[in-house]
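Undergrad: Throw the hints in and build the complete structure from the sequences for me.
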Amino acid sequence: MHPWLALFSKSRLAPLRATSRIYDLKERLDWGEPALTIIDIREPQDFREIHVSGSISIPYEALLTTVRRCFEWNRDLYIYGNSDREAEAAAHQLRQIGYSRVSILRGGVAAWKAAGFPVESTLGALVD
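Sequential numbering of the sequence shown, starting at 760, is according to my numbering.
Be aware that one or more of the hints could be misleading.
[Unchecked claim] Straight-line Cα separation of at most 25 Å, SDA-like style, residue types lysine to any residue; simulated pairs:
| hint | residue 1 | residue 2 |
| --- | --- | --- |
| 1 | K785 | R844 |
| 2 | K785 | E802 |
| 3 | K872 | E802 |
| 4 | K872 | D783 |
| 5 | K872 | G857 |
| 6 | K872 | E845 |
| 7 | K872 | R780 |
| 8 | K872 | W832 |
| 9 | K872 | R828 |
| 10 | K785 | T881 |
[Claimed, not checked] Ranges between beta-carbon positions, derived for each pair:
| hint | residue 1 | residue 2 | range |
| --- | --- | --- | --- |
| 11 | I856 | L882 | 16 to 26 Å |
| 12 | A821 | R844 | 11 to 21 Å |
| 13 | A873 | T824 | 30 to 40 Å |
| 14 | Y782 | S842 | 12 to 22 Å |
| 15 | G875 | T824 | 29 to 39 Å |
| 16 | I815 | A848 | 14 to 24 Å |
| 17 | G875 | R828 | 26 to 36 Å |
Don't read these hints as lab results, they were simulated from the structure. Positions of the beta carbon are idealized from the N, C-alpha and C atoms, including for glycine.
TA: If you want it as structure tokens, here you go:
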């Protein structure tokens with residue numbers, strides 16, 4: 760690979776960590792890296808009220824069966840819930856069944872919104 764192209768290669772970005780800051784994920788999204796999924800493990804009603812733009816709702820109870828059915832084993836999965844502790848428990852379960860590229864999104868949707876990053880609501884329009 761040409762040295763100039765190496766500056767823009769995926770390998771130059773920080774490796775996926777067990778816990779990610781909202782800024783780490785936002786940087787990946789801004790770079791246009793599509794090989795990731797953001798999973799909201801809260802109850803569907805909470806998801807409908809507000810969620811990180813582009814995230815999908817997979818409630819905690821359905822997480823293992825849904826993820827096995829829908830995602831490759833090497834997919835980058837970012838998980839957030841009502842608390843970091845809940846997200847860590849979900850991430851631990853995913854790692855136990857073989858998903859190695861799982862990271863909790865520290866602070867969840869509250870931190871994402873507080874940083875001014877885009878959030879959505881399916882109860883209405885885009886949330887500021």
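Undergrad: Hint check: K785 vs R844, CA-CA at most 25 Å. Holds or violated?
TA: At roughly 21 Å apart (the allowed maximum being 25 Å), R844 and K785 satisfy the hint.
Undergrad: Quick check: does the Cβ-Cβ distance between I815 and A848 fall within 14 to 24 Å?
TA: For I815 and A848 the Cβ distance comes to about 19 Å; the hint holds.
Undergrad: Note whether the CB distance of G875 and T824 lies within 29 to 39 Å or breaks it.
TA: holds (35 Å)
Undergrad: Against the 25 Å threshold, does the CA-CA distance of K872 and E802 hold or violate the hint?
TA: With Cα atoms ~18 Å apart, K872 and E802 stay inside 25 Å; holds.
Undergrad: Does R828 sit within 25 Å of K872, going by the straight-line distance between their CA atoms?
TA: violated (30 Å)
Undergrad: With the threshold set at 25 Å, check whether the alpha-carbon distance from K872 to D783 stays at or below it.
TA: holds (15 Å)
Undergrad: So the hint says 11 to 21 Å: do the beta-carbon atoms of A821 and R844 match that?
TA: holds (19 Å)
Undergrad: Assess, step by step, whether the Cα of K872 is no farther than 25 Å from the Cα of E845, and give holds or violated.
TA: Holds, because 19 Å separates the two Cα atoms, which is no more than 25 Å.
Undergrad: Assuming the hint says 26 to 36 Å, is it satisfied by the Cβ distance from G875 to R828 or not?
TA: Holds: the Cβ-Cβ distance is about 35 Å, inside 26 to 36 Å.
Undergrad: Is the distance from the Cβ of I856 to the Cβ of L882 consistent with 16 to 26 Å?
TA: Violated, since I856 and L882 (Cβ atoms, about 33 Å apart) do not stay within the stated range.
Undergrad: Would you say the C-beta atoms of Y782 and S842 sit inside 12 to 22 Å of each other?
TA: holds (20 Å)
Undergrad: Run the distance test for K872 versus R780: straight-line Cα separation, threshold 25 Å.
TA: holds (13 Å)
Violated hints, in rising order: 5, 8, 9, 11; the structure is consistent with all others.
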